[in-house]
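Visitor: Okay, here's what each chain looks like letter by letter:
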Amino acid sequence: LDKVRFATDWRAQAEHGGFYQAVADGTYARYGLDVTILQGGPQLNARLLLAAGRVDFAMGANTIQMFESVQQNVPVVTVASMFQVDPVIFMSHPGVGLDRFEDLPKATAFIASDMRASVWQWLKQAYGFKDQNAKPYNFNSAPFLADKTSIQEGILTSEPYAIERQGGFTPNVFLLHDYGYDSYSTTIETRADTIAKTPDLVQRFVDASIVGWYNYLYRDNAQANAMIKRDNPEMTDGQIAYSLAKMKARGIVDSGDALTHGVGVITDARMKSFFDKMAKAGVVPADIDYRRGYTLRFIGKKVGMELRPK
Amino acid sequence: MIPNRPAIAWRDIGVPLAVLLAALALWEALVRWKNIPPYILPAPSVILAKLIEDRELLFSSLLVTLGVTVEALIVATVCGVALALLIAQSKWLERALLPFAITLQVTPIIAIAPLLLVYLQPGNAVLVCAFLVAFFPILSNTSLGLASVDFGLRDLFDLYRASPWQKLIYLRLPSALPQFLAGLRIGGGLALIGAIVAELAAGASGQGTGLAYRIVEAGFRLDIPRMFAALALISLSGLAIYGALAALSYVLLRGWHESARAQDE
Amino acid sequence: MIPNRPAIAWRDIGVPLAVLLAALALWEALVRWKNIPPYILPAPSVILAKLIEDRELLFSSLLVTLGVTVEALIVATVCGVALALLIAQSKWLERALLPFAITLQVTPIIAIAPLLLVYLQPGNAVLVCAFLVAFFPILSNTSLGLASVDFGLRDLFDLYRASPWQKLIYLRLPSALPQFLAGLRIGGGLALIGAIVAELAAGASGQGTGLAYRIVEAGFRLDIPRMFAALALISLSGLAIYGALAALSYVLLRGWHESARAQDE
Amino acid sequence: MTLGASAVRETQVTAPALVALRAVGKTFPSGLVALADYDLDVREGEFLTLLGPSGCGKSTVLRLIAGLANPTAGAIDWNAPQVKNNIGVVFQDATLLPWASVFDNVFLPLRLKGVAREAASPRIEEALAHVGLLNFSRALPRELSGGMRMRCAIARALVTRPTLMMMDEPFAALDEVTRFKLNDDLLALKRRFGATIVFVTHSVFEAAYLSTRIVVMSRRAGSIIDEIEIDPAIPRDDDYRSSRTFADVCRRASRALRVSIEEATP
Amino acid sequence: MTLGASAVRETQVTAPALVALRAVGKTFPSGLVALADYDLDVREGEFLTLLGPSGCGKSTVLRLIAGLANPTAGAIDWNAPQVKNNIGVVFQDATLLPWASVFDNVFLPLRLKGVAREAASPRIEEALAHVGLLNFSRALPRELSGGMRMRCAIARALVTRPTLMMMDEPFAALDEVTRFKLNDDLLALKRRFGATIVFVTHSVFEAAYLSTRIVVMSRRAGSIIDEIEIDPAIPRDDDYRSSRTFADVCRRASRALRVSIEEATP
Ligand SMILES: Nc1ncnc2c1ncn2[C@@H]1O[C@H](COP(=O)(O)OP(=O)(O)OP(=O)(O)O)[C@@H](O)[C@H]1O
Ligand SMILES: Nc1ncnc2c1ncn2[C@@H]1O[C@H](COP(=O)(O)OP(=O)(O)OP(=O)(O)O)[C@@H](O)[C@H]1O
Ligand SMILES: [Mg+2]
Ligand SMILES: [Mg+2]
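Protein chains in written order, with this note's numbering: chain A, 145 to 454; chain B, 446 to 710; chain C, 446 to 710; chain D, 5 to 270; chain E, 5 to 270.
Among these hints, one or two may not hold up.
Stated by the list, open to error - Taking lysine-lysine pairs in the BS3-like style, the calculated list, with each CA pair at most 30 Å apart, reads:
no., chain 1, residue 1, chain 2, residue 2
1, C, LYS612, D, LYS88
2, C, LYS536, D, LYS88
3, E, LYS185, B, LYS612
4, D, LYS117, C, LYS536
5, D, LYS117, D, LYS194
6, D, LYS185, E, LYS185
7, D, LYS117, C, LYS612
Hint data in this document are derived by calculation from the structure and do not stem from the laboratory.
The structure presented is a predicted model; accordingly, all values stated were derived computationally and were not measured.
Please model the complete structure; the sequences and the hints are all you need to start from.
Guide: Listed below in structure tokens is the structure:
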């Protein structure tokens, strides 16, 4: 077996389920891989660890990050995207005049600094969000709860659950994807030299991970969930169930291009569309060769599609 | 000939305790009266209940955090004192080394933690972060102490041709003790914060998670009572560390240093 | 009758500068020789280039951060000294108040910053965070200083029936000066870190973003040279603050305190 | 009073006691008994000198009177408590503020009494002139010699013109000529302002020259071995120094001192 | 040598100079000239006493000889530099370690020379017995009286049996009986170990009793006003104290002192 280290972007959760599934049910082993998952955290910069050679693969949060790798000449390449829909959302309190997306720009917005450096820039340009309304979000929704006229960023599969349970109401949820933010998410990135030296290893990792995701979504995922809870003892069954349900309902993993080309697929057209939007918003310079940042070589092979229930 | 008074009287424990309880009662009353929801500000009773409910989880996390704190404090003490001694040897060494120490002090570790993880293993990164925070006060205060040796005594040691080593052991270290201990009291609290910040920043890997992670996690889940329970544990640890170091100071200084004796004897 | 030596000799600037330059040269050599890519460890020359390239952005951020630092340091100094004075008034006040001060010190601000945002405006939250970090060393050291008054002098003031206020002004404050200044030197650096951590945690709003945000942003963008450029600005600010406070100490203490005079005069 | 001496008055002076120590005891936390069952009257207007071997408790007596320490037994009674507000003390160490100039050190007691700098200036300069430190008024204590430091402390005690002055070996670090001069200055001041003085010295000659009463203490818990009264009416001058009375006082004090020391040494 | 006295030997003793101050100047950063063009030989085996008004530079001379300060002009020549390794000093202040017991304070010089505690113990106890502090060996300095602190410092200086001993007013804080006893002890020690002693005192009698040479300094930059030799062969006892020679020495020294002070006072 080839030893492989994979860094995720957050603590173990259902959003990483496919990878845990592939470890737990022996898919990676069948592809000749011995995978160790290094779970992330608020400050863990997975791409930096990848670039420094501390891990072999890393989970990328969104496509903007990929553009930035290109801009900074960091030899990291995106080889697959497990999510077709970036689950990033805005939430607002219901019934305070913030029920439509058009209402949001005027509200105080709690956003994390990584969003501030990326999506926010586009939101400003595309929808007129304002810097002076931005306040930091440190993965604690109390300030949002305390201020009824505020909005907060979140992940479709997690923050609304906490708000429902602790805040005692169901917030309005706006999936940015629905408003034109067509970034990829939960991508697999690796170093350019890994691709050059051991393309076979990369292919096996991508294929096995895709298989893992199909299994996680559609088959028995108890082992994977047990593993998630072992890595992250705070994780509850309720949260996992909620996430899974939301992922399925919104087609986070398996929708759009994935329906025809299989999970993990990336297309040049969507990349171009997203890049043009971001370049127009000034999030990234228009003159970078963003195509260097990804490759279609390992995906679109319909791997594992047979696992999807008819 | 040293008075045999007990090191700690009931007042030293009782009074702070009483004041603390009063403050908690006020808090409880405020929360109840204003009907503040627990996710904004939980009442002390709620926090206590949570503390008891989650005791296993929280106390095992506390142990992890305290482990890092103690380790960091020890390393910071050793390094701080060692560097202070080195600096005290000559003005030239001071000029050459102090800028680095200051640079280390003002480097915002949470901001660079992602980088530290690139250079170091996570466990070491946490320790380095906690160490960096606790280190400077100890260095700075010990330096002041070493520089404040009475000139008459310095002359005496010069006269008897004391070696640098002897000056250190018999003169400079005892002279610097009061300031060093004050530095240690500052450093103790900072090591605790350092350990927490470091854990947040450099994150321990899965198995042993400290209180910092519990706090963030609880915040993420909006389990604010648990967050406060974890904060309460941290505060109590801080008080305990301070108390221990203050008692140490008292034992080491009573009898001779002004700061630790009563006047009319 | 005080010697008219200049406060700062060329050595006090030249030597640290030379050592610093040597260290930078070593770093540059290492990076070039080992061919370390800039996103792992950028060479000083690259950082300098970035610093010049992004000067407008970085310096305006620096101003924001320094503003918070200075404000926090001033507030921390005032509060630290005031509380130290209060505590010095009586053992009872000390017993009642010190636990709160310690609790504040060990409270990990980044962990509670989200809550601070609930209770306070962001600008104030940042200030409170930075203040909390700088406050304790000043309190602790000033307390030690106030407690270390020579007993003979204390007797003298008692004898002349000096009011508590007079004792403070003419005896305790001057006595505590060396320790207070050491506390200030520690606090200065901590206020800077505090300002940065606070900005990360409690964040200033859109218009003026400080260096902390620049660092994190650069980290996300993998623009590590810019991150180092911002860090370099922070280090330089820290050195400048320390230098200014050290010069202040020298001016205030030379002539009478051991720590600021040469021996053979 | 077994060691009688001829020309010395043995009768009690009738002046009222300014402060009276009654059966005073002072035991330190270390267990050391510095004073036990100690009685002493300080009478108004007198020049009382405590003589005794090193460590017998003289400084302790002064500290108790000054209120800087509390007796562990007995009582200290003040007949005129307002006197307590104008005490001057010269400690055994100079005890100067290290950060303040000689001028500011001498200014201190006046400053504490609320006197403005300009108003105090002439008195400070007078006091500095008395002790010969006028040229050093801007020097810091560390720039002074041991004797100069002590003189600064003396000037500080004189500057308030106290009604009760306590001096603990103030002239020990001074050369004899300066010492004689300051002795005479002190007597002149006392005459001018009618102060009461409690004085500690190791010089029998000085004691005999200055005092109206000498109390010789024993090393054994400060018990009093002998008490010698000297007629305050005798003018203190060179004639007195060569007089029979002076010689008698000296001899008697010396003898008492020797007894005190021999008694204590086992 | 304008103030001649009959029984005092005027001839130069031939003993070699142990250390010689040649045209030494000491100007402090404050601009104060403490010594200018100062010449002094310390001869082997002598008991040299410096007399002079307060602030004339006596302590400064001792500090220069001890190597604790550097002259700003001139040179200090040592004939036998190894002597420098066994100097004993009693400073004008007691200068004790505040955190160490009396025993440990006296032990300090031996400890610094590498002597083990057990080996040093008898010598320390002997020294403490000399100064009468045996019962206080476990006390901390702050628990001592002023005189006791000074005696502790004296014990510390004696315990190494130095070849060159410098003492800056060591007995000023002591009563006369103790002082006389310690004077004799010092002479006995000197006889036994043949030490050279440089001594500062304000007591003309003490100087006359102990010294083989007295140097009287003037306040004017420490210039030397008179130098008095006393035959070392004369036994120092009560007979000497009542001898003609003693009286002559005292008178001459006093006169020189007075000249020195009057010369300086403008
Ligand atoms: N550190 C110093 N800085 C400036 N001046 C000093 C310093 N030390 C001593 N002096 C000055 O030098 C002169 C001589 O001082 P020194 O201590 O030698 O006098 P001394 O003869 O020992 O007097 P005393 O009998 O009072 O001890 C004094 O005028 C004093 O003010
Ligand atoms: N703070 C203290 N703690 C314990 N013992 C003390 C303290 N202060 C003084 N003593 C003891 O009390 C006794 C009397 O001391 P005191 O200072 O009154 O003596 P003194 O007569 O002034 O002597 P001297 O002439 O040497 O100054 C001494 O034996 C001393 O050891
Ligand atoms: Mg005394
Ligand atoms: Mg002197």
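Visitor: Taking the hints in turn, state whether each one holds.
Guide: Do the hints match the structure? See the list:
Our distance criterion of 30 Å between C-alpha atoms is met by LYS612(C) and LYS88(D), whose separation comes to about 18 Å. Taking the CA atoms of LYS536(C) and LYS88(D), the gap is near 27 Å; set against the 30 Å cutoff, the hint holds. Under the criterion of a C-alpha separation no larger than 30 Å, the hint pairing LYS185(E) with LYS612(B) is inconsistent with the structure, at around 34 Å. Annotation: proposed proximity of LYS117(D) to LYS536(C) holds, straight-line Cα distance about 28 Å (limit 30 Å).
With a CA separation close to 21 Å, the supplied pair LYS117(D) and LYS194(D) stays within the 30 Å bound. Annotation: proposed proximity of LYS185(D) to LYS185(E) holds, straight-line Cα distance about 29 Å (limit 30 Å). With a C-alpha separation of about 12 Å, the suggested pair LYS117(D) and LYS612(C) falls inside the 30 Å cut-off, and the hint holds.
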